[in-house]
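Novice: With chain A fixed as given, assemble chain B onto it according to the hints.
The lines below spell out each chain.
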Amino acid sequence: MVQNLVLGLVYGGIYGLLAVGIVLVYRGSRVLNFAQGEMGTFGLYAAWWLSTEQGLPWIVGAAGAVATATIIGLAFERFIVRPMGDQSRLAVAVATVGLLLFLLALGFRAFGESPRSVAGPIRGSIEVAGVFVSGTQILSLVITAAIGVALAVLLRRTDFGLAVLAAADDPTAVRLVGVPLRRVSAFTWGTGAAISALAVLLIEPTVGVFAPGFASELFVKGLAAALVGGLTSLPGAFVGGLVVGLLEVFVTDATLTSSLPGIPTLSVFALILVVLLARPQGLFGATQTREAA
Amino acid sequence: MDEVMRRRLTLLAVAVAVLALPPVLGRMGLLSSEQGFVLGRGACFAAAALALNMVMGYAGQISLGHFSLLGVGAFTTGIITGADHLALPYVIAIPVSAMAGAAVAFLVGLPALRLRGLYLAIVTIGFAYAMQASVFRARAITGGSGGVEVPRPLINTFQFLRNGDYLAIVLFVLLVVWLVDVNVTRTRLGRAFQAVKASEPVAASFGVDVARHKLLAFVLSGAFAGIAGAMYAPLVGTISASSFTYNLSLVLVIVVVIGGLGSRAGVVAAAFIFAELPELLELFGEGFRGTDQVVGALGLMLAVRNHPGGFAQAMRERREKKAAPVEGSGAGIPQLSALPRPTAASVVPVHGDVLEVSNVTVRFGGITAVDGASLSVPHNTIMGLIGPNGAGKTTLFNVVSGFVTPQDGSVKLLGRDVTTLAPHARAAAGMGRTFQGIGLAKDLTVTENLLLAQHRLAEYSAGEALVGIGRTWAVERTLRERAREAVAALGFERFEETPVRLLSHGQQRIVEIGCVLVTSPELVMLDEPSAGMAPGAAEDLALRLRDIRDELGRTVLLIEHNLPLVLDVCDQLTVLATGRVIASGTVDEVARQADVVDAYLGEAVPA
Numbered sequence: 001m002v003q004n005l006v007l008g009l010v011y012g013g014i015y016g017l018l019a020v021g022i023v024l025v026y027r028g029s030r031v032l033n034f035a036q037g038e039m040g041t042f043g044l045y046a047a048w049w050l051s052t053e054q055g056l057p058w059i060v061g062a063a064g065a066v067a068t069a070t071i072i073g074l075a076f077e078r079f080i081v082r083p084m085g086d087q088s089r090l091a092v093a094v095a096t097v098g099l100l101l102f103l104l105a106l107g108f109r110a111f112g113e114s115p116r117s118v119a120g121p122i123r124g125s126i127e128v129a130g131v132f133v134s135g136t137q138i139l140s141l142v143i144t145a146a147i148g149v150a151l152a153v154l155l156r157r158t159d160f161g162l163a164v165l166a167a168a169d170d171p172t173a174v175r176l177v178g179v180p181l182r183r184v185s186a187f188t189w190g191t192g193a194a195i196s197a198l199a200v201l202l203i204e205p206t207v208g209v210f211a212p213g214f215a216s217e218l219f220v221k222g223l224a225a226a227l228v229g230g231l232t233s234l235p236g237a238f239v240g241g242l243v244v245g246l247l248e249v250f251v252t253d254a255t256l257t258s259s260l261p262g263i264p265t266l267s268v269f270a271l272i273l274v275v276l277l278a279r280p281q282g283l284f285g286a287t288q289t290r291e292a293a
Numbered sequence: 001m002d003e004v005m006r007r008r009l010t011l012l013a014v015a016v017a018v019l020a021l022p023p024v025l026g027r028m029g030l031l032s033s034e035q036g037f038v039l040g041r042g043a044c045f046a047a048a049a050l051a052l053n054m055v056m057g058y059a060g061q062i063s064l065g066h067f068s069l070l071g072v073g074a075f076t077t078g079i080i081t082g083a084d085h086l087a088l089p090y091v092i093a094i095p096v097s098a099m100a101g102a103a104v105a106f107l108v109g110l111p112a113l114r115l116r117g118l119y120l121a122i123v124t125i126g127f128a129y130a131m132q133a134s135v136f137r138a139r140a141i142t143g144g145s146g147g148v149e150v151p152r153p154l155i156n157t158f159q160f161l162r163n164g165d166y167l168a169i170v171l172f173v174l175l176v177v178w179l180v181d182v183n184v185t186r187t188r189l190g191r192a193f194q195a196v197k198a199s200e201p202v203a204a205s206f207g208v209d210v211a212r213h214k215l216l217a218f219v220l221s222g223a224f225a226g227i228a229g230a231m232y233a234p235l236v237g238t239i240s241a242s243s244f245t246y247n248l249s250l251v252l253v254i255v256v257v258i259g260g261l262g263s264r265a266g267v268v269a270a271a272f273i274f275a276e277l278p279e280l281l282e283l284f285g286e287g288f289r290g291t292d293q294v295v296g297a298l299g300l301m302l303a304v305r306n307h308p309g310g311f312a313q314a315m316r317e318r319r320e321k322k323a324a325p326v327e328g329s330g331a332g333i334p335q336l337s338a339l340p341r342p343t344a345a346s347v348v349p350v351h352g353d354v355l356e357v358s359n360v361t362v363r364f365g366g367i368t369a370v371d372g373a374s375l376s377v378p379h380n381t382i383m384g385l386i387g388p389n390g391a392g393k394t395t396l397f398n399v400v401s402g403f404v405t406p407q408d409g410s411v412k413l414l415g416r417d418v419t420t421l422a423p424h425a426r427a428a429a430g431m432g433r434t435f436q437g438i439g440l441a442k443d444l445t446v447t448e449n450l451l452l453a454q455h456r457l458a459e460y461s462a463g464e465a466l467v468g469i470g471r472t473w474a475v476e477r478t479l480r481e482r483a484r485e486a487v488a489a490l491g492f493e494r495f496e497e498t499p500v501r502l503l504s505h506g507q508q509r510i511v512e513i514g515c516v517l518v519t520s521p522e523l524v525m526l527d528e529p530s531a532g533m534a535p536g537a538a539e540d541l542a543l544r545l546r547d548i549r550d551e552l553g554r555t556v557l558l559i560e561h562n563l564p565l566v567l568d569v570c571d572q573l574t575v576l577a578t579g580r581v582i583a584s585g586t587v588d589e590v591a592r593q594a595d596v597v598d599a600y601l602g603e604a605v606p607a
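From first to last, the protein sequence lines are chains A and B. Residue numbers for the first sequence follow my numbering, so the first one is 1 and each next one is one higher. Residue numbers for the second sequence follow my numbering, so the first one is 1 and each next one is one higher.
So that you can see chain A by itself, here it is in the shape it has in the complex (with noise of 0.2 Å):
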């Protein structure tokens, strides 16, 4: 039962760190980045390569991921997403959409089809009152309640994180408080893509291995959090991701005898629809208001 807690607190970590990235810039552009998730497992090729191959410590192969991850971030945004404009947010999805299958052909290409794997930062684990917990597993639930107080800090502290809270809702407002709304737009791609490189690179050592497509399953579950939490919200973002990091841990435990195999996705799915059904404005989510034209 416990055990089954710390575990849920993990995974739900990363599925909110995942969905942090997603609502970041669907506040900055509104729309939903679905390459969210690969842009996340080219970093983990990078990371592979600097630690594993080469032989370096974690943290360059970890600094090497984030790096990775962001340049794929800002080049999308500065390529394609800034061109398009004010076109319809469905061409972005769908140009987003076109990202994903580059990325999953790029590493089938380049890397095939067998699996890989980086070592965690930290080896071994502790157990505290019959529970065992990985050095990874404690060192990211350090990282994202980090990451999700600097981000708490710098939306709201500075006048850049201002902006960027207020893009999606007044344009014009961003452009009072003297910030270029391509940066906005920019940082909050770049951010995306660097939050999902931490994310899964630190869901790794506790999955064991990766192959192109890692992390399009993680995604999923990172945009049910985001969902959970209102799509606009961050504190909701890591709060849905709990959500889902729990239901699915005590299902899988549930129903681990079941005939019927992967009931935990099912359950995820089921959140979603119920909801888009209960409380479509998520738990933080601003409500609606229905508006012209």
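For the record, the hints were derived by calculation from the structure and aren't laboratory data. Beta carbons: idealized from backbone N, C-alpha and C, even for Gly. The reader is advised that the hints may include incorrect statements.
Computed far set for chain B versus chain A, every beta-carbon distance over 12 Å [said to hold, decoys possible]:
1) 132
2) 444
3) 549
These stretches of chain A come out as covered by chain B in the derived footprint (C-beta under 8 Å, 3 or more residues) [as the list claims (entries may be wrong)]:
4) 43-57
5) 81-91
With a straight-line cut-off of 20 Å between C-alpha atoms, the simulated SDA-like cross-links for lysine to any residue are [stated by the list, open to error]:
6) B:442 <-> B:492
7) B:442 <-> A:162
8) B:442 <-> A:89
9) B:442 <-> A:90
10) B:442 <-> A:88
11) B:442 <-> A:87
Specialist: Relative to the frame of chain A, chain B by itself:
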């Protein structure tokens, strides 16, 4: 030989060719078994592409789980025809698979499509993973083994084992799907879908129930996908969870975007090409190995960036530019010289006020946009709603037409309380409105917009429209006739087939007013009609506003900044300032009130 007859003969010829050619060519050795298989797969992908095109190309909603819907149809067919299962005839499997796909689409789409935004994409991703990881692996469906064996159709003792023979069936089913799709685009269904894609508020203002039509598009799409699955399963023979993955759904998105969102022929062609090319086909396998996929996906991103509407729209735009009757100089812009006549004799006896707004309050966050406003518009009058910018005029308009829900207060139309009605229901109850940003589906032509505007007069059922029977074509002819009359009355014959977005702002405004009047609503609400019109047009506008009152016998609520126009045509005025009604009455009464002159009239006419 008339048009209808010729179309029927063409159709018959195509149907015969589709049924006869593959088996004959196969037996003559001109169509190899391999080619038959690849073409059959192309036909299945084409049906799937038509399915996705319905929801994405027409209605503008993203689905990222369409191959899972296809899987629902395929497994349904497997269960119905499989030797280990029910072993029923294939003829039953097709409609049942269509219904299964439609039913699942209904359940998946219902929670998401009530809302605005990308929610369908989120739900369908979750759906795709749930099916892939769980349902398609369930023992009850797979029977415990890795996959389900699906036999080829059997008639008496003849089984369609040759690929050429089975290809005939697959192509015939594709033809049927195609024809249903044609019926969708030629009736109110397709127009409503496209209006929803263009702008949900605009669609609602024409009486389109937005949530219902988004769901309808997705359910139809599910039925098409179910049929595609029913075609696919016997073709490949064995199906399993890995036949219908999330990645395949993404590839289908590429097919539809590259083929051209909303272009029937384009997406079908793209589907066949994807199924033909062995390199591209690896996309449909387990992995994405080749360099071609990398280049293809990169191409997709750039294509979407440069042509967000897909290649079909890009090509259409190029054609339009060549043949554009576009003005620019302003020469020959119709001056709203006449109005479309209401052909329907829908004159209802009206007692008392047409519109009664009582104590309406609207708050956005901490800001009170409308503060306890009341107004009543007597039958057959022109009421002007004036006030400085930000006074809450348009918000009040939105409350009356149902786009903003007030925190307090009520709205009565023709004595009936409509406060809780959705915008499309209010349109049906007898109000029509324009928008500051032009309430038209701008990618549609002038004629198509006038047809769309008559949505609520298209009194045939969705079922009749899909099959193309019953009242459908008779009603459509009436609508078309009325649209033609309206075009003539507006003097827009030259622009009949021109997409609205190519017209000038003033021309668009005239078409918009024409669209509102074509169904002759009891209450006509115009939001700054003179904005963007040619300088001399205001006088014509004044004449036409009087025509609406005197000749059509309708009632007008008018927001207008052109004060001389307002003073000229309005019978009554209501003045709003910071959300409150500060004066109301006849033009003379209002003009006498000192605070009004201060608040608004003073600054507008410094006299």
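Novice: All the hints need checking, so say for each whether the structure fits it.
Specialist: Hints, one by one, checked against the model:
1. Distance check for residue 132 of chain B against chain A: the nearest CB is about 8 Å away, which does not clear 12 Å, and the non-interface claim fails.
2. Against the 12 Å criterion, residue 444 of chain B stays outside the reach of chain A, whose nearest CB is about 15 Å from its own CB.
3. In this structure residue 549 of chain B is separated from chain A by more than 12 Å, as the shortest Cβ-Cβ distance comes to about 25 Å.
4. Counting residues of the stretch 43-57 of chain A whose CB lies closer than 8 Å to any CB of chain B gives 0, so the stated coverage by that chain is violated, three being the minimum.
5. By the rule of at least three residues with a Cβ nearer than 8 Å to a Cβ of chain B, the coverage given for the stretch 81-91 of chain A holds, with 7 such residues.
6. Distance check on the hinted pair: residue 442 of chain B and residue 492 of chain B sit about 16 Å apart at the alpha-carbon level, within 20 Å; holds.
7. Taken as a hint, the residue 442 of chain B and residue 162 of chain A pair is broken in the structure, with Cα atoms around 36 Å apart against an allowance of 20 Å.
8. A threshold of 20 Å between alpha carbons decides the hint, and for residue 442 of chain B with residue 89 of chain A the separation of about 17 Å falls inside it, so the pair holds.
9. For the hint linking residue 442 of chain B to residue 90 of chain A, the alpha-carbon distance of about 17 Å falls within 20 Å, and the restraint holds.
10. In summary, the hint linking residue 442 of chain B to residue 88 of chain A is supported, as the alpha carbons are separated by about 13 Å, within the 20 Å threshold.
11. A hinted pair counts as satisfied when its Cα atoms are at most 20 Å apart, and residue 442 of chain B with residue 87 of chain A qualifies at roughly 14 Å.
The structure fails to meet hints 1, 4 and 7 from the earlier list, while all remaining hints are met.
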